[in-house]
Every structure is written in structure tokens, then in C-alpha cells.
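Q: What follows is each chain in one-letter form.
There are 2 protein chains.
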Amino acid sequence: MSERTKAEIDLGPLPELIGYVLRRAQLVVFQDFFSAFAPFDISPAQFSVLTVIERNPGLTQTQVAAALGIKRTNFVGLLNELEKRALAERRQVSGDKRSYALYLTPDGAALMRKLRPVLKAHEARMVAKVGEAGRDQLVALLHDIADAGETREPRNGAGIRGAKASRAPRPGSAET
Amino acid sequence: MSERTKAEIDLGPLPELIGYVLRRAQLVVFQDFFSAFAPFDISPAQFSVLTVIERNPGLTQTQVAAALGIKRTNFVGLLNELEKRALAERRQVSGDKRSYALYLTPDGAALMRKLRPVLKAHEARMVAKVGEAGRDQLVALLHDIADAGETREPRNGAGIRGAKASRAPRPGSAET
Chain X
1 MSERTKAEID LGPLPELIGY VLRRAQLVVF QDFFSAFAPF DISPAQFSVL
51 TVIERNPGLT QTQVAAALGI KRTNFVGLLN ELEKRALAER RQVSGDKRSY
101 ALYLTPDGAA LMRKLRPVLK AHEARMVAKV GEAGRDQLVA LLHDIADAGE
151 TREPRNGAGI RGAKASRAPR PGSAET
Chain V
1 MSERTKAEID LGPLPELIGY VLRRAQLVVF QDFFSAFAPF DISPAQFSVL
51 TVIERNPGLT QTQVAAALGI KRTNFVGLLN ELEKRALAER RQVSGDKRSY
101 ALYLTPDGAA LMRKLRPVLK AHEARMVAKV GEAGRDQLVA LLHDIADAGE
151 TREPRNGAGI RGAKASRAPR PGSAET
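Here the protein sequences come in this chain order: X and V.
So the first sequence is numbered by my numbering: it starts at 1 and just counts up by one.
So the second sequence is numbered by my numbering: it starts at 1 and just counts up by one.
Hints are supplied without guarantee of correctness; some may be wrong.
Claimed, not checked - Below, in silico cross-link-like pairs of lysine to any residue (SDA-like), each with a Cα-Cα straight-line distance of 25 Å or less:
(1) X/Lys71 - V/Gln31
(2) V/Lys71 - X/Pro13
(3) V/Lys71 - X/Gly134
(4) V/Lys71 - V/Ala121
Simulated from the structure, these hints should not be mistaken for lab results.
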């Protein structure tokens, strides 16, 4: 198809719809992430799980899944894969036969150290598209979009710097 | 899990990563879309395909797929479903046995008219989270993120209002 033909296609309201442009942008960013992390065979979801386990060793599966807004069934699959690859492990919580605490293995910890510069370079490429100020604006606006899904507490319009899991959407509500 | 426990979970760099917050926001917006369009059983991808066919009757499958950055295999599945439900139809292009032009059926056109207020209400809920000015900023920044995946022409930093398919990522590059 020629450029000319393509430019003539009318997308109607789509390019102004928040959901449409969000999805287009998300796919572009994930594509860069996939390319950068391909040598390590790590997906964005796997990276986020490893990050939370690395930062919070000993959390339960339920806690990690909830913090990331990942459905329980999806999370179990993710974790099985990470355990099979000996990057993370479940350890039984003493006194609770049905609860498992999550830890990185030494291999998992070593991988996360190796991934740090890869992540930094990926993020730098994304920030280069909008500039530092644009990134700050974008991240703040995206948190406003994601957090407004939260209905348990009133919005306060505060800045997002330093925000942690409390700003994430309600567990399970964001996953479809 | 208690709120207190959740607030103590350290997400590390995730809440500042463009890809992570994009994905969280996108899931929240799509969740609202799914709920709103559930009575019509229309997904965001189906809606975008119907929109492009409605606005540009007679385009080929390749053109519609390319304009939306949808992979050919995924697009064929989408279109089969729309055709099965008698919302859109393929018509053979005269003189080219392998090319099909796409049209809405009368049912498809009627559905799109019914969906207009549903879309408007969905978008109003999203805009309410960031305000009109916030929406304009957000959409412009998201186009900058999505378009920087485009490497065929230099970026010009121009405003996005009125932009059409020429601002979309390279066909196939955004889909994983």
C-alpha cells in the first residue's frame, strides 16, 4: 500500500480516543521492551513480578498479584514459569500449609542485576520521545487514568512522585 | 490483604516506568470500554475495525489492517467474526480474485449508530479523570510515544489535532 493511500484513510474519532492512543502507545513501548529483553527471555509481566519479589522478599503470592493487579490464575502461570527457570521460588509459610512466600533465587537476583542497564536503556529510549518534562506529565496523567478506577478512597490530586502500590488500580479490576 | 499491608509493598521503579503505567492505564480504560460495550458484545479492536470500514467503505483488508496496525492473521479472525455476525462483509474486487473490499452491512451501520452515545459516555468518563486540558496533553504525549516507533519520516513536533492514519505506527510494528 502506498503512503498516499494510507494517509487518506479516515480513522474518524479513533486518534482522539484515550483508549485507542493508549493501546497504540502501549504496544510500541512493549515492542521495544520485548526486543531489549529478548536475549533474557523476560516479558514485561515477568519483569514486574521479579521486581516486586526482589524488593519485598517473603510476600505471599496473593500480595504480589494484588500489588500488580494481576489475576490469580494468570499469576500462578507466571510464577510457575519463573520457578521452572529457577529465577524465583515458593517457600511454605510456617504454620500455614496453603500459603507460600516468594523469594528470588541467587540466579534470579543475578539476572535482575544484569537487567538493570537493559531497563535503563529501554526507558531512556522511551523518555527520548517526549523529553523529561513530557515523561513526568505523561506518568502523572496515566496514574490519574489508572487510579480513577480506584473507588475506595477520594481522589486528592496529589503528585505521584514516591507513590507506591497504593496508587495502583484495585486488584483484579484492571485485568481483562 | 489489608490496605496497610498493600501500601507497604515497594514497587521499586515500576510506577515511574512509562511502559508499566501505560499498561495499567490501558487496562483500566479497556475495562470501562468492555463494561460499556458488553451489551453489544463489541471489543475495542472490533470497534476500531468497524469505525474504519464505516468511514472508508471499500477499503481492502490489507488497508484496514495496516491503518490500525493489526497483524494480518489477527485481522482475518476479527473480520471473520464480524462477517459471521453480519455486521461487515467482504466483496470481491472486480478484476482481482484475491482482493476483497470491506463494507458494513445495514445491521453493522445500524449498530454503529447505536454505539455512538455509548462511546461518547465512555470517553466522557475517561476525560473526567484528567480534565479536558489533561486529555489534550495525554493524547498528544501518547501520539509522541506511538509515533516515535515510526522511522520512515522525521518527527516534526507538530500538533496532533486532525491527524489521521499517517500518525499511526508502522503496520505490524506495534503488534506483539
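Q: If a hint holds in the structure, say so; if it does not, say that too.
A: Tested hints:
no. : hint               : result
1   : X/Lys71 - V/Gln31  : holds, 14 Å
2   : V/Lys71 - X/Pro13  : holds, 21 Å
3   : V/Lys71 - X/Gly134 : violated, 30 Å
4   : V/Lys71 - V/Ala121 : violated, 29 Å
When held up to the earlier numbered hints, the structure conflicts with 3, 4 and fits the remainder.
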